[in-house]
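Visitor: Residue numbers (this note's numbering), protein chains in the order written: chain A, 5 to 474; chain B, 5 to 474; chain C, 5 to 474.
Keep in mind that the hints were calculated from the coordinates and are not lab data. Since the structure is predicted, the reported quantities are computational estimates derived from the model, not experimental observations. C-beta atoms are modelled at their ideal positions from N, C-alpha and C, and glycine is treated no differently. Treat the hints with care, as some may be off.
[What the hints assert, rightly or not] Cross-link-like lysine to any residue pairs, in silico, SDA-like; alpha carbons within 20 angstroms at most:
| # | chain 1 | residue 1 | chain 2 | residue 2 |
| --- | --- | --- | --- | --- |
| 1 | B | Lys330 | C | Ala350 |
| 2 | B | Lys469 | B | Thr153 |
| 3 | A | Lys330 | B | Glu163 |
| 4 | C | Lys33 | A | His449 |
| 5 | A | Lys330 | B | Lys469 |
[What the hints assert, rightly or not] Derived DEER-like restraints, expressed as beta-carbon distance ranges:
| # | chain 1 | residue 1 | chain 2 | residue 2 | range |
| --- | --- | --- | --- | --- | --- |
| 6 | B | Glu238 | A | Pro93 | 50 to 60 angstroms |
| 7 | B | Glu23 | A | Arg47 | 43 to 53 angstroms |
| 8 | A | Gly266 | B | Arg278 | 52 to 62 angstroms |
| 9 | A | Pro93 | B | Gly190 | 27 to 37 angstroms |
| 10 | A | Leu321 | B | Ala150 | 55 to 65 angstroms |
| 11 | C | Pro355 | B | Pro231 | 50 to 60 angstroms |
| 12 | A | Ala324 | B | Arg275 | 35 to 45 angstroms |
| 13 | B | Arg160 | A | Glu27 | 51 to 61 angstroms |
| 14 | B | Pro283 | C | Glu23 | 56 to 66 angstroms |
| 15 | A | Arg47 | C | Glu23 | 54 to 64 angstroms |
| 16 | A | Thr96 | B | Arg275 | 54 to 64 angstroms |
| 17 | A | Leu321 | B | Arg470 | 19 to 29 angstroms |
| 18 | A | Arg470 | C | Gly137 | 17 to 27 angstroms |
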Amino acid sequence: MTPILHDDRYFGPDVRQIEVARELYRAAKDLPLVCPHGHVDPRLFADPDYSFGTPVDLLLIPDHYIFRMLYSQGVPLEDLGIPRADGAPVETDHRKIWQTFAERFYLFRGTPTGMWLEQELAEVFGVQQRLDGESAQAIYDRIAAALETPQMHPRRLYEHFNIEVLCTTDAATDTLAHHRAIRASGWSGDIRPTFRPDAVVNLDTPGWREEIDRLSEVSGIAITGYPAFIDALEQRRSFFKSLGAVATDHAALTPYTAPLSGREASAIFERALRGEASPDDARAFTGHMLIELARMSTEDGLVMQLHVGSWRNHNPLIYARFGRDKGADIPIATEFTRNLRPLLDAYGNDPHLTLILFTLDETTYSRELAPLAGHYPALRLGPPWWFHDSWNGMQRFFDQVMETAGIYNTVGFNDDTRAFPSIPARHDVWRRASANWLAGLVVRHVIDLADAHEMMGELAYGLAKRSYRL
Amino acid sequence: MTPILHDDRYFGPDVRQIEVARELYRAAKDLPLVCPHGHVDPRLFADPDYSFGTPVDLLLIPDHYIFRMLYSQGVPLEDLGIPRADGAPVETDHRKIWQTFAERFYLFRGTPTGMWLEQELAEVFGVQQRLDGESAQAIYDRIAAALETPQMHPRRLYEHFNIEVLCTTDAATDTLAHHRAIRASGWSGDIRPTFRPDAVVNLDTPGWREEIDRLSEVSGIAITGYPAFIDALEQRRSFFKSLGAVATDHAALTPYTAPLSGREASAIFERALRGEASPDDARAFTGHMLIELARMSTEDGLVMQLHVGSWRNHNPLIYARFGRDKGADIPIATEFTRNLRPLLDAYGNDPHLTLILFTLDETTYSRELAPLAGHYPALRLGPPWWFHDSWNGMQRFFDQVMETAGIYNTVGFNDDTRAFPSIPARHDVWRRASANWLAGLVVRHVIDLADAHEMMGELAYGLAKRSYRL
Amino acid sequence: MTPILHDDRYFGPDVRQIEVARELYRAAKDLPLVCPHGHVDPRLFADPDYSFGTPVDLLLIPDHYIFRMLYSQGVPLEDLGIPRADGAPVETDHRKIWQTFAERFYLFRGTPTGMWLEQELAEVFGVQQRLDGESAQAIYDRIAAALETPQMHPRRLYEHFNIEVLCTTDAATDTLAHHRAIRASGWSGDIRPTFRPDAVVNLDTPGWREEIDRLSEVSGIAITGYPAFIDALEQRRSFFKSLGAVATDHAALTPYTAPLSGREASAIFERALRGEASPDDARAFTGHMLIELARMSTEDGLVMQLHVGSWRNHNPLIYARFGRDKGADIPIATEFTRNLRPLLDAYGNDPHLTLILFTLDETTYSRELAPLAGHYPALRLGPPWWFHDSWNGMQRFFDQVMETAGIYNTVGFNDDTRAFPSIPARHDVWRRASANWLAGLVVRHVIDLADAHEMMGELAYGLAKRSYRL
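From just these sequences and the hints, can you work out the full model?
Guide: Printed below as a string of structure tokens:
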């Protein structure tokens with residue numbers, strides 16, 4: 005019986021390239037994992053009694069990569085146990101849900117979701133069979149049994165995974181209670197918050213007004229107008245920094261930026277407080293705030309991350325029935341050259357700013373992002389994101405970005421996941437892809453082996469650590 | 005003397021990949037051809053005395069892939085025997101036209117047109133020489149002689165090609181006389197019509213008013229307004245179904261969709277009947293009708309195909325002189341995420357709809373189409389279309405679509421051709437490309453060989469058959 | 005000690021492909037260099053005592069590919085000796101500048117800039133070490149010593165490089181004094197001017213009014229209105245032709261074209277003379293003039309080149325401090341299908357026009373440019389430009405263009421450089437990329453070896469020579 009995971013998986017296909025890739029990979033595979041951006045819940049590490057629940061609770065219900073594919077092939081989300089917003093009943097028999105999934109696991113052939121899951125099952129849970137309808141219940145048993153053991157506590161896994169640092173993503177209004185609890189616990193893991201103020205910055209966020217009230221409350225600053233809003237944001241950033249934050253994160257539909265005068269910004273903000281802001285107001289305010297947040301970063305040194313180009317909640321039926329983050333976010337074409345110019349005009353030459361850009365529109369790699377990052381000192385490029393965090397997505401990133409930007413204007417890997425036990429598998433794909441890409445350069449005599457080793461260390465570890473000032 | 009067609013052609017270049025590709029290809033190469041979308045004239049099979057004419061009548065005059073390239077290099081279309089709209093004389097010496105073509109066949113080096121033609125000449129006509137100025141007349145002789153033989157009747161070729169089913173594309177107003185004749189003939193071939201109502205749905209089609217009259221006539225429904233128009237369309241769909249149709253096909257410049265109220269739709273339709281519809285009316289009406297046609301598909305089960313992004317008749321001189329489909333259709337950038345949303349909002353979650361999307365803008369593969377198809381149950385992705393129906397086009401499709409959508413949200417191959425004898429060569433390129441892509445996954449240990457065999461069968465045969473409900 | 009440049013560099017990785025690539029490359033590597041488009045200063049060849057200055061004067065200060073990357077990593081341009089517009093002091097110690105550069109040469113790993121420079125150092129200056137902080141001064145010494153020798157005069161290098169013809173790029177108002185001097189000198193090198201009238205055609209060029217006065221002066225035609233402007237342009241084209249020009253060159257932000265009536269064109273031109281032209285006027289005038297310049301090309305036979313899609317001077321700080329061409333030009337998305345239609349409508353079918361298109365938006369390769377060039381007799385596609393003049397950029401060009409356009413609608417290579425001693429290295433990358441691409445087709449049996457040899461000769465030499473009517 006052959007093991008599921010081949011030692012040389014993903015490498016090649018050329019045999020000389022495989023040999024070099026193997027050497028580069030071996031030198032880097034045991035480097036600690038630096039996880040500067042992701043969505044793991046800090047409660048995992050704060051709660052000494054945290055339990056992942058059933059295999060379905062752990063692996064399926066929170067993972068929209070998996071259930072979107074099943075849904076696309078006609079499986080109702082209710083059958084997968086995804087909770088309904090209206091509290092209507094959904095399938096609760098987790099063995100049955102697992103069976104439904106396992107019988108359709110062939111849908112994931114050749115996909116990164118399939119590759120991650122196979123590796124996670126094998127390496128975290130010791131599963132040595134292919135997942136299908138026949139093996140489903142035995143594999144369920146094995147995972148369920150493993151989840152009962154103390155080694156499966158998130159803190160133990162963090163250590164076992166050789167994670168050096170892990171940054172979560174937290175609302176501007178978060179009290180960071182879990183982060184404080186982790187610090188107070190004496191555990192040695194390095195878990196840091198990231199400041200994500202989208203819900204108060206984007207005026208069209210559902211529930212914006214309540215979020216502003218919450219911001220007043222947690223900051224102790226009564227947000228009665230724009231200046232107080234800015235004060236409150238700066239106060240929160242400072243609080244996040246005090247708990248270890250090194251970065252902020254911002255999502256927007258487009259990277260549109262344009263400064264408003266103080267008077268204009270105040271007028272829009274006051275309309276929003278009165279519940280009278282228009283969609284144009286929201287767009288203008290976000291475009292202004294991105295510049296303002298860059299300004300704050302030049303002052304407090306928090307690295308600024310910008311994730312753009314996702315049309316959230318494209319399917320109203322799914323949104324109404326199940327809420328957000330249910331696999332129905334679809335990318336749109338994105339324009340950086342014109343849109344980012346006002347922000348770059350203000351702070352692009354500032355040595356105190358690091359602005360890391362993420363795109364879902366790969367056409368911008370060679371056309372806009374690599375030329376921008378290859379010029380502006382403040383800019384760096386994030387790794388392939390979301391749908392493009394995949395073997396081929398990485399090849400396209402390497403081939404389309406690196407010739408113009410060089411690797412030193414990129415920031416290594418982000419796992420960007422809420423699925424904590426999948427983190428090693430995700431880093432492993434990146435490290436293998438990096439090794440294979442570098443090996444291709446070595447066998448074609450573009451770089452020599454010594455350079456390749458240095459670059460490998462950078463891609464696997466060094467760039468992430470330095471870019472995020474960790 | 006080496007044969008023109010190498011057994012391992014297109015595979016590789018890695019030798020281990022070639023071995024696996026060869027194995028996968030061998031297992032699938034003799035599967036029947038499922039041809040769910042194309043433009044073969046049904047008269048070929050209806051007329052027991054059908055003749056292809058001369059080699060130039062068969063291979064050159066109807067093939068805009070070939071004469072566009074010759075035209076781009078300065079050969080007037082008149083010299084190639086392409087008939088002029090004004091009836092002005094064109095070259096009629098087919099041996100001379102063939103010579104002109106053969107002397108320039110080097111222009112097709114490395115192109116799919118060249119690859120298809122070489123294979124067709126070799127496998128259908130037994131030609132074993134390279135086509136050039138020297139071999140031109142001998143090859144002409146050989147083809148002309150073959151065309152005299154009974155084996156070259158389209159029905160015999162259909163059987164010889166091992167075609168299981170072939171769908172034509174037919175105007176909504178077509179009486180389907182040829183299809184009825186085929187059915188009446190007792191011949192066992194499975195030729196089916198496809199309902200393509202563009203000429204009555206797109207108000208700006210030249211001759212739209214006459215087409216509406218024809219629709220009244222063939223449906224027996226007097227189209228005096230929008231409700232009667234809808235009735236007539238539904239009547240025709242039902243008639244097409246009765247003759248075996250499984251699908252509809254729709255072309256539009258963009259995938260813009262937006263519902264109109266019944267009142268708005270009626271008002272536009274009535275303006276159009278009076279010859280007063282504006283370009284905005286036409287756009288709005290097409291955008292509305294795509295949703296309405298999706299609604300019909302949910303009711304009658306016809307699979308809906310949407311081909312968008314071709315700017316037809318880009319060259320007014322060629323259009324005025326020779327008419328449409330003369331190699332002067334040029335793609336434009338296309339946007340699906342926003343444009344399709346109203347249609348998907350209405351029917352994207354409906355298990356009764358299958359909507360197959362085709363694009364000429366490859367940037368939408370990874371950015372929009374794969375994420376959409378990887379979520380909406382109603383969506384499937386058609387294979388690389390037109391300019392992208394090529395070896396590299398297929399690689400890009402596999403690499404940019406499959407990681408996000410999986411192969412099971414795609415529909416296998418369409419030959420989409422009016423050149424009937426080129427059908428086996430076109431399927432062969434797809435099957436070789438599929439085998440080679442899967443082989444690449446096998447040697448990189450992404451999938452195992454058993455999975456690859458299953459996927460090969462799906463890509464070559466199963467997906468087309470099931471997706472089109474054949 | 006291994007030599008820095010491997011004989012088989014860039015080939016592969018497949019070993020059979022390497023063997024064929026090597027054979028094709030060997031057959032073409034000594035063909036003369038045809039350089040139909042570039043920015044070498046003609047003074048190099050006019051001045052018998054021309055000196056390149058220091059290694060930094062030669063290799064660093066004029067090369068925005070190099071200093072943009074250093075700037076992106078935080079090195080002030082002042083530290084690299086880039087002259088400031090305000091005359092403020094900058095670093096003048098060239099050994100120190102060289103050291104700064106050498107210590108950061110690792111930033112160029114895997115970039116075309118790094119590949120060109122390594123080859124130039126090795127082959128032109130005999131450097132056999134890697135450039136880094138340690139080797140910096142020794143390499144500086146070696147280059148500086150070489151620059152003292154008579155073999156390093158540009159005329160000797162031109163001969164040594166085996167250049168057959170080199171076209172410069174010259175303003176419409178240039179007196180071509182250097183070109184006349186070269187012709188008068190009796191030297192056998194073939195240096196030709198290219199007519200680039202952007203500064204008088206694009207009304208929004210800084211200093212446009214002064215350029216018009218200069219045009220009046222050099223043409224001897226008082227430009228008091230639009231008709232005189234057209235006369236002056238035609239007179240200058242004729243003058244350029246008399247000194248060997250075979251082509252014109254035009255840059256625009258977009259390929260927008262639309263004809264104006266004579267009255268409209270005159271009105272805009274007169275507003276511009278009065279300093280009253282609006283941005284819309286400028287856009288309309290350029291869109292009109294591109295068609296008018298195409299008309300001139302049909303009459304005088306000058307090949308027309310169009311370079312579009314670069315947002316010039318994106319960084320206002322750098323522009324204000326150091327001027328143009330400082331690595332801060334960023335591409336934008338580009339649309340050809342609609343924009344070029346009016347020009348193609350007028351002259352796209354004209355056998356007297358050759359219009360060569362260059363893009364910075366690679367998404368247009370397969371979607372727009374290859375289909376356009378595969379139809380219109382007047383169109384040809386220029387090679388990968390600027391950021392895409394790189395190993396991977398060439399692969400993308402070959403894979404995305406050639407299947408639809410064929411190689412015969414492309415024009416071979418342009419080095420497009422002002423860095424004269426880098427010319428052989430740039431052509432060498434193209435020739436190696438061509439050989440490797442063709443070898444890939446040979447080992448996959450798409451073309452045979454004889455065809456590959458012919459295509460290699462075309463890509464390396466023939467297409468450039470014929471397309472530019474040299």
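Visitor: Hint by hint, note whether the structure agrees.
Guide: Right, here's what the structure says about each hint:
no.	hint	in the structure
1	B:Lys330 to C:Ala350	holds (19 angstroms)
2	B:Lys469 to B:Thr153	violated (32 angstroms)
3	A:Lys330 to B:Glu163	violated (48 angstroms)
4	C:Lys33 to A:His449	holds (18 angstroms)
5	A:Lys330 to B:Lys469	violated (31 angstroms)
6	B:Glu238 to A:Pro93: 50 to 60 angstroms	violated (38 angstroms)
7	B:Glu23 to A:Arg47: 43 to 53 angstroms	holds (51 angstroms)
8	A:Gly266 to B:Arg278: 52 to 62 angstroms	holds (56 angstroms)
9	A:Pro93 to B:Gly190: 27 to 37 angstroms	violated (56 angstroms)
10	A:Leu321 to B:Ala150: 55 to 65 angstroms	holds (57 angstroms)
11	C:Pro355 to B:Pro231: 50 to 60 angstroms	holds (54 angstroms)
12	A:Ala324 to B:Arg275: 35 to 45 angstroms	holds (36 angstroms)
13	B:Arg160 to A:Glu27: 51 to 61 angstroms	holds (59 angstroms)
14	B:Pro283 to C:Glu23: 56 to 66 angstroms	holds (58 angstroms)
15	A:Arg47 to C:Glu23: 54 to 64 angstroms	holds (59 angstroms)
16	A:Thr96 to B:Arg275: 54 to 64 angstroms	holds (56 angstroms)
17	A:Leu321 to B:Arg470: 19 to 29 angstroms	holds (25 angstroms)
18	A:Arg470 to C:Gly137: 17 to 27 angstroms	holds (19 angstroms)
Of the numbered hints stated above, those contradicted by the structure are hints 2, 3, 5, 6, 9, listed in ascending order.
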